[in-house]
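Engineer: Each protein sequence line maps, in turn, to chains C and U.
Numbering-wise, the first sequence is residues 1 to 657 according to the working numbering.
Numbering-wise, the second sequence is residues 1 to 264 according to the working numbering.
Rather than coming from a laboratory, the hints here were simulated on the basis of the structure.
Watch out, some of these pointers could steer you wrong.
[To be verified] Label-pair distances were calculated between CB atoms; the ranges are:
| id | chain 1 | residue 1 | chain 2 | residue 2 | range |
| --- | --- | --- | --- | --- | --- |
| 1 | U | LEU44 | C | ARG443 | 46 to 54 Å |
| 2 | U | SER155 | C | ASN365 | 42 to 50 Å |
| 3 | C | GLN607 | U | GLN168 | 43 to 51 Å |
| 4 | U | ALA99 | C | LEU475 | 31 to 39 Å |
[Stated by the list, open to error] Partner residues are not named here, just some residues of chain U that face chain C (Cβ under 7 Å, in silico):
| id | residue |
| --- | --- |
| 5 | GLY82 |
| 6 | PHE96 |
| 7 | TRP97 |
| 8 | LEU102 |
| 9 | TYR167 |
| 10 | GLN173 |
| 11 | SER204 |
Where is the CB? At the ideal position from N, CA and C, for every residue including glycine.
Listed below are the residues making up each chain.
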Amino acid sequence: VNLQQPRKMQSQLPAVSLFRSFWLLPLASLGLVLLAVANTGARAAVSWAEPLFWGSLLLLFVPLAAHLLLPGRSRNERVGTLLVLGLGFYLVRVLHHPTAPMFHDEFLHWRSTDTLLQFHTLFVPNPALPVGAHYPGIHALTAAVAQLGGVDIYTAATVVLGAARLVLVLALFLFFEQFSDEQVASVATLCYMVNPSFVFWSAQFGYESLALPLAIFALYGAARYTAFPPTNTIGVSLVVLASFAAVSISHHLSSFALAAFLSLWALTVPLCRSIGKVLRPLVSEQARPRWLARLLRPIMNAWSTTPATPQHWQFLGSTWLAVFSIVLIVAWITFVAFTVVNYAGPYFVRLGNVMHDIVQGSFVNRQLFSAGSGQVAPLWERLAGYAAALLTIAGVFGGLLLLFRARHYTNALVLALAAGAIGYLASHPMRFIPEIGVELAARTGPFLFVAVAYMLALTLHWFLRGLTAGIWRVLPALAVLVVMFVGNISIGWYPSERMPGPYQVVAQGRSIERQGEAAAHWTQEWLGRQQRIATDRINRLLQASYGRQHTVTNNELWIIPVFFEPQLGLEERAIIEDGRIEYLVVDRRLSSGIPMFGFYFNEVEPQAFNRSEPLPAEVLTKFDRIDQVDRIFDSGEIRIYDVRPLWREPDEQTAYP
Amino acid sequence: MFAHYGENLMNKLPTLNWFPLLLTLGVGTVYMLLEQTGITVVSLRLPLAVLLLLVVPGYAAGAALFPRPIGGWAERWLLTIGLSITTAILGSLGIFWYAETLNERSWAVVSIGVALVFSFIALVRTPAKQQRLSTFQLSGRQLSVAGVSGMLALSAILIAIWGEQVYQTTFTQLWVVPAADQQSSALSIGVGNFEGRTTTYSISVQHGQDMLDQLSALTLAPGEEQVVTLDIDATRPYTQPITVMLYRADEQDTVYRSVHVWPE
């Protein structure tokens with residue numbers, strides 16, 4: 001393993017030769033064309049769509065990955081290949097739904113950006129995502145591109161996220177390169193691309209998709225800042241401070257993750273030294289038992305040869321950067337985004353409930369590879385998923401072992417990465433916890449996988465040691481990466497989420513279609529904005545974004561009985577009255593199937609994740625039989641009811657715009 | 001003293017690095033010209049906006065902060081895009097605090113302003129001969145391959161857009177709301193055609209078994225909508241809702257859509 005001190009500044013710029021094997025570029029593009037054809041076929045529900053989907057992804061991934069694994073590639077070639085692969089994976093999300101939002105969070109951020117464009121100011125409340133208004137980084141940048149470029153919000157977001165993807169790939173490579181050679185750095189970046197979130201989650205229009213690249217950019221700056229001997233300190237520190245500030249006002253979790261990692265890094269330096277003092281007698285020649293001394297000796301070697309000055313410099317640099325990032329976060333939360341406390345609070349409560357259930361023995365774990373509707377992934381996907389998880393665990397442990405075997409190991413930053421990789425493994429059991437566990441795993445995964453990627457790269461590099469030529473020599477390593485890539489996509493995404501297709505009940509992009517979108521546009525045009533509307537999860541997104549409505553959420557009002565009870569009794573009428581609900585948007589298709597996500601409205605509704613039969617059609621059509629309730633809109637599947645007469649005083653005017 | 005600095009600067013002018021400043025001025029001028037002349041060429045505006053927001057400020061900032069090369073083209077591009085994004089985000093916050101109005105003009109002014117300031121710093125700090133830009137050594141054949149690849153990627157996006165447009169659900173919207181004029185007892189009845197083909201409809205308005213009004217042979221092209229106003233007799237006692245039923249010409253016996261309102 002070739003670990004090294006941070007790179008010195010290069011004195012001259014090399015000429016750029018992006019690809020020795022230039023044919024890889026059209027091959028990757030061909031993969032994208034086939035993917036577009038597969039997606040179009042999936043919309044028509046043809047059987048060949050899914051095999052073509054996987055085939056096109058592999059056509060994009062395999063040649064470029066093999067190119068990176070092979071030795072003898074120049075630094076420029078490696079960076080060029082990584083950029084093509086990174087952008088290619090970004091286009092996978094674009095090709096899924098090229099002209100409009102598709103994922104849940106995309107609609108929430110679309111609304112925030114739309115509000116910014118409408119009111120020309122920041123921090124305007126967004127009832128669909130209250131905390132989002134206080135982290136306006138991506139909204140501001142997207143709005144700026146939309147206005148200056150004269151394009152719609154989604155086109156602007158596509159451009160912004162494309163730029164963010166370039167930053168992510170470049171920053172990852174250069175960050176890894178600070179403490180390893182360019183081959184390890186490029187393989188580590190490649191390994192990062194096989195994480196379950198890279199293709200879809202990190203490419204969606206959400207604040208994390210911009211904040212994560214900025215956080216890695218900041219981390220790269222921090223690594224350069226702490227490099228010894230210090231060079232151009234003022235320039236680097238300005239870059240770091242500016243990027244820290246941008247992360248802090250762009251996304252809460254990214255800023256927390258950055259601060260946590262910097263703190264871990266700062267703690268690692270002195271921790272190593274103090275542990276060393278304790279352990280030194282244990283590894284001496286006279287120490288007993290011998291097996292323990294033998295086990296600990298390589299670990300001791302890790303810091304016993306560490307020169308003091310770079311360690312001190314790294315400690316000082318990482319400490320003050322950690323303190324600065326924490327101060328920024330605290331200041332932002334205190335003065336601007338205090339609502340994040342209310343946002344994060346319920347997560348801890350739900351986690352606490354899970355812990356309580358585990359202690360009580362009443363915890364029911366989630367079925368892996370199973371959607372909320374009970375649909376189970378095919379066997380081969382499940383096998384690939386398990387294999388990916390096992391390979392990740394093996395790769396991380398291999399990396400850790402190699403780190404401690406390397407006698408010239410000198411960098412506390414790498415030790416902090418090792419701790420992060422262990423943290424990722426520790427987070428694996430969260431996937432057994434329904435909803436909250438999956439969500440937390442998905443949200444923390446992109447950060448922790450930076451550390452995992454490095455450990456995997458060390459193992460793969462060891463695997464490829466001594467290799468001189470011949471593509472067949474890299475085949476085992478390539479096979480490992482392919483299994484991890486396929487398996488992680490299977491773990492992270494339901495089959496119905498990966499590709500477009502015919503309508504499915506509450507199934508992310510598969511439930512977003514023109515009838516719901518048109519109904520949302522209609523409410524804005526004919527009912528006006530900010531009407532209080534109650535509806536299911538999917539139409540809530542559409543009404544909150546395209547409809548610009550105030551959609552009532554579970555946090556605000558327990559609306560479920562209004563839709564679930566067979567009759568609209570006194571209690572249900574009281575809910576409507578107390579919540580001043582003006583309109584109900586009812587999608588009759590809810591009774592056509594079990595929701596793919598496991599729930600129709602929210603995760604705490606009755607029978608959530610445990611439903612065996614769809615919602616009865618009668619409970620959705622009961623509003624037709626209520627006196628004074630107007631059915632003002634009908635597009636076949638979607639109906640809109642005016643329920644204001646249930647609570648409005650008789651002499652109040654009907655307030656249509 | 002100032003004369004001394006001025007003389008020094010004049011002597012150094014030919015060897016200074018003018019590129020960030022010229023780039024900023026060039027992009028800014030073209031964008032402002034487009035704005036002032038009111039020319040709205042989307043295909044030109046978007047690349048200019050990308051340059052203005054995502055390239056130029058970061059490039060100038062990178063040149064100012066790192067007058068000596070800090071690595072290869074990867075470092076330079078990371079600084080260019082990363083610092084541009086950072087500048088735009090922090091700039092938005094600055095606009096909010098000082099001007100409060102985030103609009104096209106304020107964003108353009110901040111981007112160009114920041115880029116100009118950094119360009120001047122870079123001009124003073126960076127000797128031209130040290131700012132040697134890396135050159136892309138691409139042969140004609142490689143350029144052709146890159147072009148073909150770009151065309152393929154573009155065609156993938158076009159195929160995806162086409163697929164999205166073709167496989168759409170088809171439906172018709174029917175609605176009834178009180179007419180915009182609140183003083184009258186009129187109703188607005190609307191029909192929107194999303195069937196993907198020209199469709200002919202008929203509408204009947206009933207109160208119980210009483211036929212209040214009828215409209216036939218309403219032909220709408222795809223995407224077209226029609227709104228009619230129906231005056232209702234406010235003096236009449238209504239014991240049931242007024243129901244509006246829509247029929248398609250090809251299935252005249254089946255109610256295709258139905259809405260109803262309870263008169264006040």
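Engineer: Are the hints correct? Go through all of them and say.
Structural biologist: Hints versus structure:
| no. | hint | result |
| --- | --- | --- |
| 1 | LEU44(U) to ARG443(C): 46 to 54 Å | 39 Å, violated |
| 2 | SER155(U) to ASN365(C): 42 to 50 Å | 46 Å, holds |
| 3 | GLN607(C) to GLN168(U): 43 to 51 Å | 32 Å, violated |
| 4 | ALA99(U) to LEU475(C): 31 to 39 Å | 59 Å, violated |
| 5 | GLY82 | 4 Å, holds |
| 6 | PHE96 | 5 Å, holds |
| 7 | TRP97 | 9 Å, violated |
| 8 | LEU102 | 5 Å, holds |
| 9 | TYR167 | 4 Å, holds |
| 10 | GLN173 | 4 Å, holds |
| 11 | SER204 | 14 Å, violated |
Checked against the numbered hints given earlier, the structure breaks hints 1, 3, 4, 7, 11 and satisfies all the rest.
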